[in-house]
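Engineer: Spelled out, the chains give:
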Amino acid sequence: MAAHLSYGRVNLNILREAARKELREFLDKCAGSKAIVWDEYLTGPFGLIAQYSLLKEHEVEKMFTLKTGRLPSADVKNIIFFVRPRLELMDIIAENVFNEDKLHSTRDFHILFVPRRSMLCEQRLKEQGVLGSFINIDEYILDLIPYDGDLLSMEYESAFRECYLENDQTSLYHTAKGLMTLQALYGTIPQIYGKGECARHVANMMLRMKREFAGIQNQILPVFDTLLLLDRNVDLLTPLATQLTYEGLIDEIYGITNGYVKLPPEKFAQKKQGEASKDLPTEPKKLQLNSAEELYAEIRDKNFNAVGAALSKKAKIISAAFEERHNAKTVGEIKQFVSQLPHMQAARSSLANHTSIAELIKDITTSEAFFDNLTVEQEFMTGVDTDKVNTYIEDRIAQKDPLIKILRLVCMQSVCNNGLKQKVLDHYKREILQTYGYEYILTLNNLEKGGLLKPQTSSRNNNPTIRKTLKLWMEDANEQNPNDISYVYSGYAPLSIRLTQLLARPGWRSIEEVLKMLPGPHFEERQQLPAGLHKKRQQGENRTTLVFFLGGVTYAEIAALRFLSQMEDSGMEYVIATTKLINGASWIKSLMDTPEAQMH
Amino acid sequence: MAPGALLLEAHREYEKSSQKADEYLREIKEQGMLAEAVRQCVEAAGHEYDSNTQKSLLRAASFGKCFLTDFSPEHFVATCRELRVLNAVRECSVGLPLTHTQFKQMTLQVLIDRLVYRQFYQLAIEICRYLKIPDFQGVSRVLKHWAACKVQQKELSDEAIARAVCLKVGDSLGVSYSHIAAKAFECGRTELAIKLLDSEARSGEQVPLLLKMKRSQLALSKAVESGDTDLVYMVVTHLKNEMNRGDFFMTLRNQPVALSLYRQFCKLQEQETLRDLYNQDDDHQELANYYVATSYREKRLDSRLSHLQSAVDEYNKAKNEFASKATEDEMRLLRFQKKLDDEKGAGLMGLSLQATMETLLMLGLYKQTDQLYRDFKVPDKRYWWLKLKSLAEKEEWEELEKFSKSKKSPIGYLVGGSSPQLAPTILFDFFNVKNISCASSSGLCGGLHQEK
Numbered sequence: 001m002a003a004h005l006s007y008g009r010v011n012l013n014i015l016r017e018a019a020r021k022e023l024r025e026f027l028d029k030c031a032g033s034k035a036i037v038w039d040e041y042l043t044g045p046f047g048l049i050a051q052y053s054l055l056k057e058h059e060v061e062k063m064f065t066l067k068t069g070r071l072p073s074a075d076v077k078n079i080i081f082f083v084r085p086r087l088e089l090m091d092i093i094a095e096n097v098f099n100e101d102k103l104h105s106t107r108d109f110h111i112l113f114v115p116r117r118s119m120l121c122e123q124r125l126k127e128q129g130v131l132g133s134f135i136n137i138d139e140y141i142l143d144l145i146p147y148d149g150d151l152l153s154m155e156y157e158s159a160f161r162e163c164y165l166e167n168d169q170t171s172l173y174h175t176a177k178g179l180m181t182l183q184a185l186y187g188t189i190p191q192i193y194g195k196g197e198c199a200r201h202v203a204n205m206m207l208r209m210k211r212e213f214a215g216i217q218n219q220i221l222p223v224f225d226t227l228l229l230l231d232r233n234v235d236l237l238t239p240l241a242t243q244l245t246y247e248g249l250i251d252e253i254y255g256i257t258n259g260y261v262k263l264p265p266e267k268f269a270q271k272k273q274g275e276a277s278k279d280l281p282t283e284p285k286k287l288q289l290n291s292a293e294e295l296y297a298e299i300r301d302k303n304f305n306a307v308g309a310a311l312s313k314k315a316k317i318i319s320a321a322f323e324e325r326h327n328a329k330t331v332g333e334i335k336q337f338v339s340q341l342p343h344m345q346a347a348r349s350s351l352a353n354h355t356s357i358a359e360l361i362k363d364i365t366t367s368e369a370f371f372d373n374l375t376v377e378q379e380f381m382t383g384v385d386t387d388k389v390n391t392y393i394e395d396r397i398a399q400k401d402p403l404i405k406i407l408r409l410v411c412m413q414s415v416c417n418n419g420l421k422q423k424v425l426d427h428y429k430r431e432i433l434q435t436y437g438y439e440y441i442l443t444l445n446n447l448e449k450g451g452l453l454k455p456q457t458s459s460r461n462n463n464p465t466i467r468k469t470l471k472l473w474m475e476d477a478n479e480q481n482p483n484d485i486s487y488v489y490s491g492y493a494p495l496s497i498r499l500t501q502l503l504a505r506p507g508w509r510s511i512e513e514v515l516k517m518l519p520g521p522h523f524e525e526r527q528q529l530p531a532g533l534h535k536k537r538q539q540g541e542n543r544t545t546l547v548f549f550l551g552g553v554t555y556a557e558i559a560a561l562r563f564l565s566q567m568e569d570s571g572m573e574y575v576i577a578t579t580k581l582i583n584g585a586s587w588i589k590s591l592m593d594t595p596e597a598q599m600h
Numbered sequence: 001m002a003p004g005a006l007l008l009e010a011h012r013e014y015e016k017s018s019q020k021a022d023e024y025l026r027e028i029k030e031q032g033m034l035a036e037a038v039r040q041c042v043e044a045a046g047h048e049y050d051s052n053t054q055k056s057l058l059r060a061a062s063f064g065k066c067f068l069t070d071f072s073p074e075h076f077v078a079t080c081r082e083l084r085v086l087n088a089v090r091e092c093s094v095g096l097p098l099t100h101t102q103f104k105q106m107t108l109q110v111l112i113d114r115l116v117y118r119q120f121y122q123l124a125i126e127i128c129r130y131l132k133i134p135d136f137q138g139v140s141r142v143l144k145h146w147a148a149c150k151v152q153q154k155e156l157s158d159e160a161i162a163r164a165v166c167l168k169v170g171d172s173l174g175v176s177y178s179h180i181a182a183k184a185f186e187c188g189r190t191e192l193a194i195k196l197l198d199s200e201a202r203s204g205e206q207v208p209l210l211l212k213m214k215r216s217q218l219a220l221s222k223a224v225e226s227g228d229t230d231l232v233y234m235v236v237t238h239l240k241n242e243m244n245r246g247d248f249f250m251t252l253r254n255q256p257v258a259l260s261l262y263r264q265f266c267k268l269q270e271q272e273t274l275r276d277l278y279n280q281d282d283d284h285q286e287l288a289n290y291y292v293a294t295s296y297r298e299k300r301l302d303s304r305l306s307h308l309q310s311a312v313d314e315y316n317k318a319k320n321e322f323a324s325k326a327t328e329d330e331m332r333l334l335r336f337q338k339k340l341d342d343e344k345g346a347g348l349m350g351l352s353l354q355a356t357m358e359t360l361l362m363l364g365l366y367k368q369t370d371q372l373y374r375d376f377k378v379p380d381k382r383y384w385w386l387k388l389k390s391l392a393e394k395e396e397w398e399e400l401e402k403f404s405k406s407k408k409s410p411i412g413y414l415v416g417g418s419s420p421q422l423a424p425t426i427l428f429d430f431f432n433v434k435n436i437s438c439a440s441s442s443g444l445c446g447g448l449h450q451e452k
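Top line first, the protein sequences correspond to chains A and B.
Note that UniProt numbering has the first sequence beginning at 1, numbered continuously upward.
Note that UniProt numbering has the second sequence beginning at 1, numbered continuously upward.
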């Protein structure tokens, strides 16, 4: 089911198994038949831990979505609520339970809080007078969820907003806890590096938590050599830029949620010979995207411009493999051919799917709108005319393009220029408010608070220095056979990944000056290992770094890190963790406030 | 004669360097009883009280062992260790004359408990260390009792006790400082309890006790330090019920993290309190945002406008000129929309300025559109785009021509040379293909991008 999790450098299946074990234990606590009432947000992440079959084995017979009103009828002994600790959900649960009590039902109620129970929520249930109805109130500690062999995410949507806008560091506490769980399974991580306020806070909490467990020696040989904690606000630019890798573009255009993408069905219509073409399917085509699919693992991190060639190469290999059947003469040879058929057929259907997706994407990337947008982005990234009002942005506003797109561009210009002149900023803001509505004044305010949009305060713009020192713009990015991470944005090398790369070699000491220009402190901590656990490294053995992006990471950044892992002389392999997988649009959206007018 | 006795005898002869030792040994070996003989000696030693006899029996066993190839030494070693412990507790100063059988029956745990109850802490700890009992069941448990007893010593100062406890307990696993502190608190030594709690690493244990001791401020700062949001909420809720509002707000003010969390809570649950909080902090910017957000929840225009007016006032106080101006504009727009909705049933309420103008153009209300354009200082460029597009879509060529003559277009019209009379047709085509962006970038309409 999840074999692809164990192929990587670090076997992340251990983490998944630990999570499954805990789930089973909880389910067994509630003896008898069960129905689960889901907080809808949790179903996606949970799907990565356990399929329905596991639940079924533990007598889960029905599943519902948490809704106001009455629970659907189900002939089960236990009702279990799987919820995030949110007050508004408590009110719904209370209503459900209250209605059930009116029916004098004899069912047992349980709550499982994910990822942590909360005093406030229990208090709320108490106020509503239903706390006593619950037999088990438990927590299911699910902080880091394995998304792929080298990728962990907390899928904590509001992490960036909470940290930078609301000064609420709950997500960082969960992060630290998640890292402690990880260390319990994979050994203490001897070295911790970090950049940014949040990174500092997480590291402090980790060290503190370690003291709390003082005495319990972790006897596991460390799997990770280094942990690098990076604040998203150290690199605000990267997520704003349009990702140009295959996976990045799928995410930009269709959005990947919990490892699945929903695509327009037209391209995927089944064409069976001899059958009259049936009605076109109307349901979107849902595909799972991860490294379990051989072809996808091969092409997802490529620049989109290199995907076509890869697909046609693959097509040739597959058709050659099918042609083999003509060469099969003896019974033995035929038998061998047949035994490979399922694998070949899977490869063929995977190829068909990705060819269709690539066609869909190509329609968009070859459009002039896409090209114009990209041109402006690249101008900003290279520092061209970032201090003036941009005509393209004005035009797009006049044409009422989606607001998120506009905000993305304006923020990008502001970030690239280290703030906009007051006059320029006000002009953009007025344009946006007049065109999209005054209610967006709150959103603009949020973006300013988060530092994505800001007036220029000092005349000094550090961006050219940073760009030059870190080589953030590479003039001749090779998209087909990349030799530098800048291929993921066709020229722009993500700052976050450059920092990671330079930490491995030659070390941050070489870029002290630039680090000081970026927000937040940078630091290094060491965690003592018990004697005897110091790794004896084989010659030529790579080191492993866990890079944790606090506030989100994009697929293009992940691709760049995978590229670094694969570079022969890098000597470092990366495992990626984050609070949330994001792209520019989903990120900006999480920072928006859109009050809906009650008046009509 | 039992083989064990014979072995003891053999050893005695051996000590005397007598060849009889060999004779006896052979006799035991011939019967194949050497292993049994050793076992008997060890067991006999266990039951002995006199340490000299214990020694000679054990020496005999050790002697016999030498002639056995695969004899497991465990029983022997264990007995030696246990005897040492038993001898120690049999000392007259302790006075526990336990037999080996009794000891086995009651288990080591119980023995340690008894020693602890009789306050032989030192001995208990040494026994634990000697027998290598895991800290959790051994040393830590003893230390816990010791500390609990220590805090009750009235003649010692808080300072001295805290120091002594910390020195001994250190970072020992399984000794909970909060447990010791709770004990101290029970004995009425709150100050000592607080000192001890300082050494507690687990905030989850620290905070509830501090609350119990009514040290709410300290509890709050410890909770904040831990980073555990739930813990902070726990203290905040406690404080809220315990203090009057003013003091509560003041307390929060000194703890920015707690204050932010409380604001988060208020955003969801107590909007009014949120306003009071901003008010207290003179946070005019946030207060203004609060009023803006509130205005959208209002169902009636006048109350919506009054909230917006409050927002304008606050933005002014926050010296946020742009926002106050924008909010004034919003109010003006709402009033305008209301007026036109009443007069013409235009259905404008809630639309953005741009959408309002668009609707007005669709309705042919050109004068009103122009009024908005002037009143709101809509940039020419955007206005021209809007008006040209709308008029072209409506095929209002006359109006379009009138408009084109009114002022020089900031976005140009066409490729140079074409007469203005032709403009509508070409514009019309060009909008219908919905290719505005392509056209503008491909240079078809060179004038489109010219700066005004």
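Among the clues, some could well be false.
As the list claims (entries may be wrong) - Pair by pair, the computed Cβ-Cβ distance ranges are:
id : chain 1 : residue 1 : chain 2 : residue 2 : range
1  : B       : Phe136    : A       : Pro72     : 44 to 52 Å
2  : A       : Gln219    : B       : Asn254    : 53 to 61 Å
3  : B       : Asn244    : A       : Gln128    : 20 to 28 Å
4  : B       : Ala78     : A       : Pro506    : 37 to 45 Å
5  : A       : Ser53     : B       : Asp113    : 46 to 54 Å
6  : A       : Ser53     : B       : Glu393    : 50 to 58 Å
7  : A       : Ser339    : B       : Lys132    : 56 to 64 Å
8  : B       : Lys407    : A       : Glu596    : 57 to 65 Å
9  : B       : Glu159    : A       : Gln128    : 31 to 39 Å
10 : B       : Asn87     : A       : Ile220    : 39 to 47 Å
11 : B       : Gln309    : A       : Thr68     : 30 to 38 Å
Unchecked claim - Simulated pairs of lysine to any residue, SDA-like, Cα-Cα distance not exceeding 20 Å:
id : chain 1 : residue 1 : chain 2 : residue 2
12 : B       : Lys338    : A       : Leu442
13 : A       : Lys449    : B       : Lys338
14 : B       : Lys325    : A       : Leu442
15 : A       : Lys316    : A       : Thr181
Hint data in this document are derived by calculation from the structure and do not stem from the laboratory.
All values reported here derive from a predicted model rather than from experimental measurement.
We treat Cβ as the ideally placed atom computed from N, Cα and C, and that holds for glycine.
Engineer: Would you mind marking each hint as holding or not holding in the structure?
Structural biologist: Hints, one by one, checked against the model:
The hinted window of 44 to 52 Å between B/Phe136 and A/Pro72 holds, with their beta carbons roughly 48 Å apart. Against the hinted window of 53 to 61 Å, the Cβ-Cβ separation of A/Gln219 and B/Asn254 comes to about 43 Å, which falls outside the hint. B/Asn244 and A/Gln128 have their C-beta atoms about 27 Å apart, which keeps the hinted 20 to 28 Å range intact. Evaluation of the 37 to 45 Å hint for B/Ala78 and A/Pro506 yields a failure: the beta carbon distance comes to about 58 Å.
Taking the beta carbon of each, A/Ser53 and B/Asp113 are about 50 Å apart, inside 46 to 54 Å as hinted. Checked against the hint of 50 to 58 Å, the C-beta distance between A/Ser53 and B/Glu393 comes to roughly 56 Å, which is consistent with it. Take A/Ser339 and B/Lys132: their Cβ atoms lie about 58 Å apart, and the range 56 to 64 Å holds. Our hint of 57 to 65 Å for B/Lys407 and A/Glu596 is violated, since their Cβ atoms are close to 38 Å apart.
Taking 31 to 39 Å as the suggested C-beta distance range, the pair B/Glu159 and A/Gln128 does not conform, at roughly 48 Å. Distance hint for B/Asn87 and A/Ile220: a CB-CB separation of about 41 Å, consistent with the stated range 39 to 47 Å. A hinted range of 30 to 38 Å for the beta carbons of B/Gln309 and A/Thr68 is consistent with their spacing of about 36 Å. In summary, the hint linking B/Lys338 to A/Leu442 is not supported, as the alpha carbons are separated by about 23 Å, beyond the 20 Å threshold.
Only pairs whose Cα atoms come within 20 Å are accepted, and A/Lys449 paired with B/Lys338 is rejected, the gap being roughly 33 Å. Distance hint between B/Lys325 and A/Leu442 is fulfilled; the C-alpha atoms sit about 14 Å from each other, no more than 20 Å. A threshold of 20 Å between alpha carbons decides the hint, and for A/Lys316 with A/Thr181 the separation of about 46 Å lies outside it, so the pair is violated.
Violated hints, in rising order: 2, 4, 8, 9, 12, 13, 15; the structure is consistent with all others.
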